[in-house]
Every structure is written in structure tokens, then in C-alpha cells.
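Protein sequence lines, in the order shown, are assigned to chains A and B.
If you use my numbering, the first sequence closes out at 579, no skipped numbers anywhere.
If you use my numbering, the second sequence closes out at 347, no skipped numbers anywhere.
For the record, the hints were derived by calculation from the structure and aren't laboratory data.
A hint or two may mislead.
A partial selection of chain A residues facing chain B, derived with a Cβ cut-off under 10 Å [to be verified]:
(1) 188
(2) 395
(3) 402
Values in this document were obtained by computation on a predicted structure and should not be read as measured data.
Just so you know, even glycine gets a beta-carbon here, dropped at the ideal spot from N, CA and C.
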Amino acid sequence: MLVHTAFNRAEQLVRHWSAVGCPLVIHVDKFVPRKDYNNFVRALADVPDVRFSARHRCEWGTWGLVAATQSASQMMLDEFPDVRHVYLASGSCLPLRPVQELLDYLEERPRTDFIESATTSDVPWTIGGLDQERFTMRFPFSWRNQKYLFDKYVALQRLIGFKRKIPNGIVPHMGSQWWCLTRQTLSAILQDPERETYDRYFSKVWIPDESYFQTLARQYSRQIESRSLTLSKFDYQGKPHIFYDDHLQLLRRSDCFVARKIWPFANRLYEAFLTDPSGAMKRTEPNPGKIDRIFAKAVERRTRGRAGLYMQSRFPVETRENGLTCGQYSVFEGFSDLFENFEPWLAKVTGTRVHGHLFAPERAEFSDGHTVMNGALSDNATLRDYNPRAFLANLIWNTRGERQCFQFGPRDNQAIEWDIIKDPNAQVSVITGAWAVPLFQSNRNFSDLRREAALLQQIESKHLDALRSSWTKARIRIWTMAEFIEAPMEPLQTIIDEIGQQNVRGLSEVPKMVDLTGFGQFLQNLKNQGMHPYLMGDFPVAHDLHEPHKNKRKPYLVR
Amino acid sequence: MERVKELAFAYRLRWKRRRLLFRAFRKRRQLTPVIDRTAQINRNDILAASTMRNEMLRLPHFLDHHRKLGINHFLIVDNGSEDGTRDYLAGQPDVSLWSTDHSYRLSRFGVDWLTWLQLRHAHGHWCLTLDADEIFIYPHHDTRPLPALVDYLERNDRKSFGALMLDMYPKGPLSAQDCPSGGDPFRSLCWFDGGNYTITRKPDLHNLWIQGGARARCFFAEAPRRAPTMSKMPLVKWHRRYVYVSSTHSLLPRVLNHVYDDQGGEITSGILLHSKFLPTALARSAEEKERREHFANSALYDGYYDQLTSDPDLWCERSTKLISWRQLEAMGLMSKGNWL
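Please model the entire structure based on the sequences and the hints provided.
Below you can see the structure in the form of C-alpha cells.
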């Protein structure tokens, strides 16, 4: 058992192991003050079969840890000739199942070495880009305290192509530091005539405690189970996860024999696992896989975060958002101008939430006339325009699980356009020039209409340029108004299929198009006034001559 | 050239920090020790620092909650209380108390005083800087006390910890609530705004400027820029050369302001539950409007005080009811990061 801190916990553990007759050899870090060490030794004076091995300075990732393990192992083999399996544990390793169960388990597998051991090319564990190189370079500087020198020295060795020779053609393996080896294997490693060579080689390897025994066990073991009996989980930087009181159920579920690291003050855990009367013996295999998913999710949360969430500890720079919003949504431009009852119709057909013009100048037109949406998002235009991007991201985040649709047009606040265009979650459908329909229907002076039409056309034209730019990530469909009213149901069907809600049998009900009689003439009047409306496509001045519109909608009850 | 500019600016910030430290040094004489128990502070203790005035209503719960979290010692400045706050605090075994009648505003809202106390007593300690109406919570706070959190932060080489201030309010007019003196204020103040926060990254100090919540929605809808800042950095592994710049919203040196991930990931963060809207807020707002101690240019905030005094109902049909920290975490108001 390697100990460097939390001595009262270590003492508790020693007594626990010892209670079922396991002899223990304890290594205490040389860094521990003499006084604490003596107190610890004295506290354990009454426990039988406990020895203290020669002390080494154990700094993370250095040879000291291996040296400590070596001397403790040697002492164990020498002093306790009956020992068949040696289990390497630490002062923060907590047995999760009764020790007797572990003993039985090992009894059934007398020749098996439990040591996680894999070649560097096969595992993605390595952090910091050093995999094979940790065996072929020298690492005289501490990674923790002399990071700068460490990095520079690695770079220098790369530059001059320095490579160490690996002695005797051994194949470096890596794995968890916490193993359980048989006397045969362990003694073979410790008494190897070549040990001097290996020790010299590994003492300059980076993190030798994860490769020394793991490599050499491969030389001698007759039967290796490449897994550790100790459950230990690492975060994305290779630092061990710490277990707290609230992990009790999680640890129970893992069925592992031993877990690390346990927070020294996790009283409930120590109480639960060390004073367990353990009536029912389980014969189950350890199964850390059961809880793997939870740890994988923690890594994902730390490195990629929740897409579409902006908060005090997640505020990605542009391009690192991993999705500007958290879910798909649809933007309709021109549809509510062209169809009288577009919004209720869309809500009915798709079962989604359909808003009006969310970026309208007066207020955010939430669905059903709400003045406030999920998350207490206000419809106040000033608040919205203070940070339109946050408004949109908030709306989509607050309504996760329910698809949002909203209307957009050249009258609305255009500040949001790039955020929508660059968002892969957006589905944008545009009928260009449809903004002219409300003008056409309105009862205003023609000169005002003309001015407004020119302005709206200019805005929409700029918007269309943006939609067609090379930064576009949204799924965008654009029709001119003339194109669209030629065959309105087909595009509608496509859009709705893409939204992908329940409706599979085609559209049984169609939205009602506004009466466009005279619209061609209206456009012609605009032209006559010197304004050139082009975004709506080609409308004949008197289209009634070709085909009356009223009859036209009928054939498009698709399928 | 960019690089030179950047370095020049960093140097200017260094001088700003020194200036603020000197300012705190000059203000030290404004503090009169009432009871100084700082000799009790042990090496690994976690401290809390606060300036308060007439907080008897909140104090028992405030102390109780943070003691349970694992605060070992409180450093408190009493700014002219008249309701017994001072005597109450002096009677607490883990409180060191100073008093002053000088201007709260001229002390940068108490920060100068606290900076001096932190410089003297908090060096090398994790220190939680709070107002009396703020209750600090973080993921797993019910099962993992503060020592576990700071342990985790240290292992991840973090020196500061960010939190969102969450305005809690009752359903119905403020005055209609009963407030048990000294009890948990969030039994009546159990509603909050769940998702109307806006974030900007400050280009100078690199801190996040978060606004939103009930006050922005109800009182600052027409002037959102002026809405209160909701982002704070209450928990810091203090060093005697550190200073808070404005309240606890930003720190110098500015590397401490990086309490967020800008590469898409999430790091661990917490929440300050804000108990401002107890029924006493009405009388208090009227008083603050006269005292003009809470904002640098207080006249701009007269409207805000007037609205508060008129007994508003902050509740709306899309307010969220507080259930647990897990709810706040799932809503994305704070994050576990990888602290599983």
C-alpha cells in the first residue's frame, strides 16, 4: 500500500485489509515529515503482519513510485512466504466488496496476473501527445513543476531526432498503475538478472509507474488478464476522478473489488464499505463497464459542452460553438404574407410551435399572443434587440424538445440574419418579394407605398446575398413569388416533410392564399412610378387572362 | 504591433491593480475592529468576506448555510447597522467584525474595505466574497462541502470560480409575503427567470458580462444596457496582490476572470441565490434612493427605485419554480463541468 497523506484513512484501510488476514507492506512517501510517519507507525503497532518498507520520494510521473513499489514488493515476498497474489493499492483505494470475496476470486484464479497492459499504438489514453515518445526520449525535468523545461527538452529531442534504445528488444506496454500479480511473476521481475538494465532504462521513461511492471509482466507471466481489479476513472486530462459520498450507488453498481480515488472526507463511503457486515456474498464479475457511460458523458460535457447553451462557464468563441443553437428550427420568409392563415395552418399540420414575426419592430410576436415565453423570455423589442443572438439562442434552448417555427421578413430587425444563416440548425424558406402583398392590400398613398417597397426590396436583396454567401450553414430554399404560386403545394410538402413530424399522408388541408387579382397591375404601377420591383419574379400585368387564380389551387392537393 | 499594444495594456492593468490596492490601503483607517478573532484562522481554512448593513432578517440563515458548506471563518465589515446586526455578529464564535460609518459608495461598494481585510487575512486561503443577500450554491453542494470543491478546483489549476446571480422572487406583490425572521428566505422567494440572460465578453478584462433575470425584464426593459450585472466570481484562492475591480464582477489580474471555457466545453460553475426581494425591499429601496450609496450615478436609477417601492409583482406565467440544484444544472444556469 502506497501512502502519502490522509493517515487516519490509511489506518482505517490497513485495519480493514488486515482483519481478514491479509499481510500488508506499507510505503510512506519520503516527503512526509518524520513526526507524522512515526505517529502512523505507532498507530498501527497493534496490527499483526504489517511492515513498513524503505521510503522513497514519490513524485507523480517519476521513478520514485516504481522504486517504492519494488522495495515494498520485495519485502512482501521475503517476509510473507505464503503470499501468492500481491495487490498494489494506495491509501485512497477503498475496497467496495468484502475482502473475502476478493480472496475467493483470486483463489479460483491462482495463476492469473491482473495487470492492465497494452501497447502504445493500441490505446488512446495518452494525454499531451506523448505516446511512443515517452519510451524513446529522456525526461529529466518534472512535468508538474518544470513544465517549460520539460516541453523545451522534448522539442529539442524531436528536433535533433534523439532516440533512446529500448533494451533487449522489450515491447513497451502501458496500463493502470494498480495491479495484482502472482508471486511467480512478481519475483521473476524483481530477480531478473537484467533488472539493472531495465531499471536504468525505465528510470528515464516518462510516467514509468504506468509502464515498468506492465511491460515486464509480459516477459514472464503465464496468464495475463489485461485489466485492473481497481476501478479508477480518469478525466480528459488524465487526472483521476475523485469519488464522493453521492457516488455510493454508482460504486455499488460497478461490482468492482476496489475503487480509487476516494475523497478522504467522504465519511459515508468509508462507513458504507468498511463497516458493511456483508452477509450476502456476490459471485459477480467486476463490471466497471456499467458505469463507463457516465464518465464518458462527463468528458463530453467538459470538452464539448451542451450545444446551444451560453452561460457563465460556457461561452465559446466564434466557430467553436458546436452549434449556435441547441435544436432545429424553421424560418419562413414571405409565407404569412402570401397565405392568410399560414401560422395556424402550419401549427396544425406539423404540431410545432409557430410564432409570428419574432423580430418585428414592435414586439416579438410569440405564438398565441403570449407576451412572455419559456424561461421568462420577454416579448419586449428593446430587450430583444439589445442582444438578438442571445434572444434566439435562449428561445431555442428554453423550448428544447419542441420545434420552433417563426416568420421573418425585411420589416424585421435584420441584425439576427447572420446568426441564422450560419446556424446548421436553421431551415430557412424564402418566397422573395412576398412583402409586396401587404403593400398591395393596404390602403395607403401610393408614394408612401413606393418608398416603402423600394426600401424593403433593398433590404431583402441584401438579405438574399447573405443567404447565398459561402458561409451559409443553414438549409436554405428560395423561390420567387411568381415561381411559388405556380405550384405552391410541392414546396410546402417538401418543407413539411423535412420538419418531419407525424404527418405522413400528405397535406389534407391547404392554407388559403390571398387574392392576388390585380397584383400584376400593382407591380406595373410601381414600375410606372420609376421603382423596379424584381424580387417577385415575372408577373403578367393582367394574369387573369391566362388562368384565373381561384381555380389554380385545386389540382395541388398532392397525393 | 498588436502584441506591443497588448503588452502595454497589460501593463496599464497592472498599475490599475496597484492603484486599487493602494486605495484599499488608504481606506484601512476607516475600519474599527469590533472583535478580531483572526488568530483562530488555520492554514487550510476557507473564509468568507462580506460588507453588510441592517441584515438581521437574513443573517442567521446566511451564516448557517455557509457554515454548513464549510466556511471556517467570516470576515465582516458592518457599515453602520441600526438593527442589532453588529451585536449579533460580534456574538458569533467564527466571525471577525469591523465597523465603519464611512461611505459605502466611496469605498467602491465595500470592496476597498474587504480588499484590505483580504490582503491582511485571506492570503493563501480560498475566500468567498458575498453580500448578505446572496446564498452560494454549486453542483453537489448538498453532498460535497466546500473543501471538496476547492480541492477539485486546485487539482484543475483553477484559482477562481464563477457564479450566476439569480434573482429570486415571490408570486404576487412583494409586500404580500410573510418573511420569517432569520429563516430560509427561499421558501417564499422560490421563483426565478430561467432563460433570458444575455452575455457579452468584456474586451478589456476578459470577464463575461451577464445581464437578464427578473430585474432586467421588469425594470430595465427600456434601458437594457443599464440592467444589473448578474455574473460574479465569488470564490477565489486569494493572494494579497489580487483585487476585485467592480463588486465581485471582475478581478485583477485578469487571468482570474477566465472562469468560462471559450472552446465549446463547460467548466464547473455555481449560482448565487439572491434574496433581495423580501418584503423589506420596499422600505429599503425608498431609503436607498435617498442614501444614494448603491450606484455610481444614482440619479439614473431613481426610476428603478420608484418601481421597486411601488410593490411590484415580478412573477410571470413563465417563471420557474426552484426545486433543486439539479434542476438549475439541467437548465444550464450552472454546470457540473466534469466534476462528476
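Evaluation of the provided hints:
1. The beta carbon of residue 188 of chain A comes no nearer than 38 Å to any beta carbon in chain B, farther than 10 Å, and the hint placing it at the interface is violated.
2. About 3 Å separates the beta-carbon of residue 395 of chain A from the nearest beta-carbon of chain B, less than 10 Å, and the hint is met.
3. Here the hint on residue 402 of chain A is kept, as its CB sits about 6 Å from the closest CB of chain B, short of 10 Å.
In the structure shown, a violation is registered for the earlier hint numbered 1 alone.
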